[in-house]
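Enquirer: Sequence:
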Amino acid sequence: MTTPERTEPATAADERTMLDGWLDYHRATLEQKCAGLDDEQLRTASAPPSTLSLLGLVRHMAEVERHWFPVVMAGEEPAPIYYSKDDPDGDFNVTEADTWAEGYATWQAEIAGARQAVAGRSLDELSVRKNRRTGELFNLRWIYTHMIEEYARHNGHADLLRERIDGATGE
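Per this note's numbering: the sequence shown = residues 1 to 171.
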């Protein structure tokens, strides 16, 4: 696995370009945190009893990409990838059989699906699905902002996981 390029978001751009830039920046950050590790290292849990691992974070973000863009925004109804009613944390619960190749390919496919689900949509366009708690619809701007927050939070976890695995630190 090569270290992916990460492009700094534009400092003076229109709103959509800025949001796309920051989301892509955080996607690339998570990929960088995983770069150079083997499957065993990527499955290494943070600290028992937690099952949090870098591979689990990638699998989780595949689920999150699928949920917010194709499902909530566009109203598609794909089945969950890793979790189920019986295993609601299935994205995080990796096993020896789970690999980076599969997790990465799935995550990248979900990113592509997310991009396709919002292509040509206005940031003011409202979602098809409603907030489960309030019954309100989300505009696409809110979803982008939430996704940037979701990645930023989990990239903080990824920083700590990576440091625990091999001591690597940095942006």
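If you're looking for bench data, these hints aren't it; they were derived computationally from the structure.
Beta carbons are placed, not taken as given, at the ideal position from N, Cα and C, and that holds for glycine.
Incorrect hints may have been included.
[Claimed, not checked] Restraint ranges, calculated between C-beta atoms of paired labels, are given here:
# : residue 1 : residue 2 : range
1 : E149      : V128      : 19 to 27 Å
2 : D86       : R153      : 39 to 47 Å
3 : A10       : A119      : 17 to 25 Å
Enquirer: Among all the numbered hints in the text so far, which are the ones the structure does not match?
Expert: 2
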